[in-house]
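Visitor: Given next are the chains, with one letter for each unit.
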Amino acid sequence: MSARKSKAITHPQDELLRTDRIPHIWCSGCGIGTVFSCVIAAIQKSGYPLDDVSMISGIGCTGRMAGYIKLDSFHTTHGRAIPFATGLKLARPESRVLVASGDGDLLAIGGNHLIHAARRNIDITVICVNNLNYGMTGGQVAPSTPFGAKTATTPIGSPEEPFNFCALAAACGAVYVARWTSLHIRRLTDSISEAMQKRGFSFVEILTPCPTSFGRRNKMRNALDIVKFYHEHSVIRNDIDPKEATLDFSRNLVMGKFVDIERPTFLDNYSLINRRELGDWPNLEEKVAVTGKRISK
Amino acid sequence: MAGKTVLTGTHFMHGDHACCEGALAAGCLFFGGYPITPATEVAERMSRRLPEIGGIYIQMEDELGSIAAVLGASWGGTKAMTSTSGPGFSLMMENIGLGVCTETPCVVCNVQRAGPSTGLPTLAGQGDMMQARWGSHGHYEIIALSPSSPQEMFDFTIRAFNLSEQFRIPVLIMSDEVVGHMLERVVIPPENEIELIKRRKPKVSPDQYLPYKADPDWIAPMADFGDGYRMHITGLTHDERGYPVMDATTQENMITRLVRKIRDNTDKIIDYDTFELDDAEVVVVAYGISARSAKRAVRDARQKGLRAGFIKLNTVWPFPEEFIRDVAGNVRAMLMPEINYGQMVLELERCAQGRCMVRLVQHAGGGIIPPGSIVDAVETALKES
Chain D
333 MSARKSKAIT HPQDELLRTD RIPHIWCSGC GIGTVFSCVI AAIQKSGYPL DDVSMISGIG
393 CTGRMAGYIK LDSFHTTHGR AIPFATGLKL ARPESRVLVA SGDGDLLAIG GNHLIHAARR
453 NIDITVICVN NLNYGMTGGQ VAPSTPFGAK TATTPIGSPE EPFNFCALAA ACGAVYVARW
513 TSLHIRRLTD SISEAMQKRG FSFVEILTPC PTSFGRRNKM RNALDIVKFY HEHSVIRNDI
573 DPKEATLDFS RNLVMGKFVD IERPTFLDNY SLINRRELGD WPNLEEKVAV TGKRISK
Chain G
2 MAGKTVLTGT HFMHGDHACC EGALAAGCLF FGGYPITPAT EVAERMSRRL PEIGGIYIQM
62 EDELGSIAAV LGASWGGTKA MTSTSGPGFS LMMENIGLGV CTETPCVVCN VQRAGPSTGL
122 PTLAGQGDMM QARWGSHGHY EIIALSPSSP QEMFDFTIRA FNLSEQFRIP VLIMSDEVVG
182 HMLERVVIPP ENEIELIKRR KPKVSPDQYL PYKADPDWIA PMADFGDGYR MHITGLTHDE
242 RGYPVMDATT QENMITRLVR KIRDNTDKII DYDTFELDDA EVVVVAYGIS ARSAKRAVRD
302 ARQKGLRAGF IKLNTVWPFP EEFIRDVAGN VRAMLMPEIN YGQMVLELER CAQGRCMVRL
362 VQHAGGGIIP PGSIVDAVET ALKES
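Sequence lines, in order, name chains D and G. Going by my numbering, the first residue of the first sequence is number 333, and it counts up by one from there. Going by my numbering, the first residue of the second sequence is number 2, and it counts up by one from there.
One chain only, chain D, in its complex shape (with noise of 0.2 Å):
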């Protein structure tokens, strides 16, 4: 009753919510909750100062995220995240750029983006949280659905082999990449921290509960059997081939660290280029950029 009557009570990461916005939209059992929570307490604890820090999302449920952050935030088109990320990254170099999407919009229609933006190793980090379907528009297949899968697009279960999101992130050439279910809540928020201080294309997929709409096709209506399921099945396995890394759901789920490296970003090497230093392709001299090897001869 005392609590009542003292000023209005605030949570601690209410410096960072919108809180006029809430209650959000996503569905109870979802764990797109979590991860956001787990998304603010990393920003808290990587000391950036929150007025440089944005985020940038996509379509779908995962792509609300950006409404709800109390920073500077878009919710851009379907797919189209990572490159507006670029474009915001390269005009201001002093901002952290955090896009937070899901696979949907990440993987399928935003896809090109992603290789592309690994491959320059453009300094921002990719949230990419992974339901196993499209859930804002009712769960249809995505490229994240397991094989044999049921989806309201594939009634009788999926034909496709999903993609192994990490090991395309490390083979794009990601700086960082790692993998954890949204029950991972301590190791998960170490890692967005760890990734926000990677300098380059850091890229964190998280597997988590969609009881509403993937779970309930294929006998997890259930959020907590979801949980459970990820749960018992989670292996941790730092440090291991991205390739082997694999979400075997009738074995186990890799979670853990597999890729941190150093490489230079996109403009480390574009300044580095333009100081004209390097002499002519394919005899280029060795450089040092900015920070990270220069790779040459």
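In case anyone wonders, no lab produced these hints; they're calculated from the structure. Beta carbons are placed, not taken as given, at the ideal position from N, Cα and C, and that holds for glycine. One or more of the hints may lead you astray.
Derived coverage of chain D by chain G (criterion: at least 3 residues anywhere in the stretch with Cβ under 8 Å from a Cβ of chain G; other residues may be distant) [to be verified]:
1) 373 to 386
2) 421 to 427
3) 585 to 596
The calculated DSBU-like cross-link candidates involving lysine-lysine, where the alpha carbons are at most 30 Å apart (straight line), are [stated by the list, open to error]:
4) G:Lys-5 to D:Lys-619
5) G:Lys-269 to D:Lys-402
6) G:Lys-214 to G:Lys-269
7) D:Lys-551 to D:Lys-530
8) D:Lys-551 to D:Lys-575
9) G:Lys-296 to D:Lys-402
10) G:Lys-5 to D:Lys-402
11) D:Lys-402 to G:Lys-202
12) D:Lys-377 to D:Lys-402
13) D:Lys-482 to D:Lys-575
Just the calculated beta-carbon pair ranges, DEER-fashion [what the hints assert, rightly or not]:
14) D:Pro-355 to G:Asp-274: 55 to 61 Å
15) G:Ile-256 to D:Leu-610: 38 to 44 Å
16) D:Ile-517 to G:Asp-228: 30 to 36 Å
17) G:Glu-192 to D:Ile-572: 55 to 61 Å
18) G:Leu-278 to D:Gly-470: 57 to 63 Å
19) G:Asp-216 to D:Glu-594: 36 to 42 Å
20) D:Asp-346 to G:Glu-192: 46 to 52 Å
21) G:Asp-216 to D:Leu-556: 26 to 32 Å
With chain D fixed as given, assemble chain G onto it according to the hints.
Guide: For chain G alone, coordinates are given in the frame of chain D:
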């Protein structure tokens, strides 16, 4: 690294290059490119010039990425542009709409080629004029300029940036292959003679700032990312706070602002030139490369004793509705030569309101309209009107 931003002087310059130099003179420091004939030379020159003056050129993976990066750079506080042609213009449409909806200043130059589809990549067309107006889904207003020479590629690109900053809208430069690839004299004035407009900044503190609360002229002051205003921007229908609100009232308020900030300011946007209009019986209305043919045709017609006049549209969108209506009341006919089978002529016809005859001089694309066919059309119009 240090290069000159404004290449003051007289040049023999390529149209696409003049577009690039106009952008740099306007303060553009970001270009998100993707190669496409016949606009590639804009990107190529940008890739050389921007690093010299501390700007960024990035060649994106496709035109979807180019326009998205341009919007991102603009919110980062940088004047930004891209260039493309038909197929790329089609790909950019969705995010041009995002730019309109979120009121993002930026410039898109379309060096038109003949379509549809891959069409004639190396040859001229003017078939994207209605796409420029209506190509993105939903209802909105847009600003589009149409240069007819390398000099205008330079001048209009500066104006495009000024209009985009002033009205917070993507501004389209509707050029064409002939203007883009033409070499002509381009005079670049001294830097201090180039008038530049910058986006209006908020004057209130962050806790009082509403990103879409417009001033009386319908334009809302714009904070950039990193300015400390911590705003949310979305392509969803949004209220003054920038927050998505899914109802018809919010939609009406937003569309009203997007439309009226252009419609109520047409006197500041619309620009045209006239020639031999005073006693004209037939007026040729033209834009882009077809304006060059039209002017020659009007001169030739005058030499034949025909009372022909000329209106050159420098802005094509918004269309000079009232001016055309007034002229239509004083002449027998209006002709529109354009390299398509009838696009802007529909607008001309609408605005003439039946007060005079309106005829199209068409060309399917792949070449320009010979002045002779416009002169013939003037003669026919005088006989039939």
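Visitor: Does each hint fit the structure? Answer for all of them.
Guide: Outcome of the hint check:
1. Under the rule that three or more residues need a Cβ within less than 8 Å of chain G, the assignment of the region 373 to 386 of chain D holds, with 4 such residues.
2. With 6 residues having a beta carbon nearer than 8 Å to a beta carbon of chain G, the region 421 to 427 of chain D meets the requirement of three or more and the stated coverage holds.
3. Coverage of the region 585 to 596 of chain D by chain G is violated in this model, with 0 residues showing a Cβ closer than 8 Å to a Cβ of that chain against a need of three.
4. At most 30 Å may separate the alpha-carbon atoms for a hinted pair to count; G:Lys-5 and D:Lys-619 meet this at roughly 28 Å.
5. Restraint check: the Cα-Cα separation between G:Lys-269 and D:Lys-402 comes to about 37 Å, which exceeds 30 Å; the hinted pair is violated.
6. Annotation: proposed proximity of G:Lys-214 to G:Lys-269 holds, straight-line Cα distance about 21 Å (limit 30 Å).
7. Straight-line distance between C-alpha atoms of D:Lys-551 and D:Lys-530 comes to about 39 Å, which puts the hinted pair past the 30 Å bound.
8. Between D:Lys-551 and D:Lys-575 the CA atoms are separated by roughly 28 Å; this keeps the pair inside 30 Å, and the hint holds.
9. Taken as a hint, the G:Lys-296 and D:Lys-402 pair is broken in the structure, with Cα atoms around 56 Å apart against an allowance of 30 Å.
10. Of the pairs offered as hints, the one joining G:Lys-5 and D:Lys-402 is violated, with about 40 Å between alpha carbons and a cut-off of 30 Å exceeded.
11. Proposed proximity of D:Lys-402 and G:Lys-202 is supported: the alpha carbons are some 20 Å apart, at most 30 Å.
12. With a C-alpha separation of about 16 Å, the suggested pairing of D:Lys-377 with D:Lys-402 holds against the 30 Å cut-off.
13. Distance check on the hinted pair: D:Lys-482 and D:Lys-575 sit about 25 Å apart at the alpha-carbon level, within 30 Å; holds.
14. Separated by about 57 Å at the C-beta atoms, D:Pro-355 and G:Asp-274 satisfy the suggested range of 55 to 61 Å.
15. In this structure the supplied range 38 to 44 Å is violated for G:Ile-256 paired with D:Leu-610, their Cβ-Cβ distance being about 52 Å.
16. Between D:Ile-517 and G:Asp-228 the C-beta distance comes to about 33 Å, which sits within the given range of 30 to 36 Å.
17. Separation of G:Glu-192 from D:Ile-572 is about 58 Å and conforms to the stated range, judged on CB atoms against 55 to 61 Å.
18. Between G:Leu-278 and D:Gly-470, the C-beta spacing of about 60 Å keeps the proposed range 57 to 63 Å intact.
19. For G:Asp-216 paired with D:Glu-594, a C-beta distance near 48 Å fails the hint of 36 to 42 Å.
20. Under the hint 46 to 52 Å, the C-beta atoms of D:Asp-346 and G:Glu-192, about 49 Å apart, fit the expected range.
21. The given range of 26 to 32 Å is broken by G:Asp-216 and D:Leu-556, whose C-beta atoms sit roughly 52 Å from each other.
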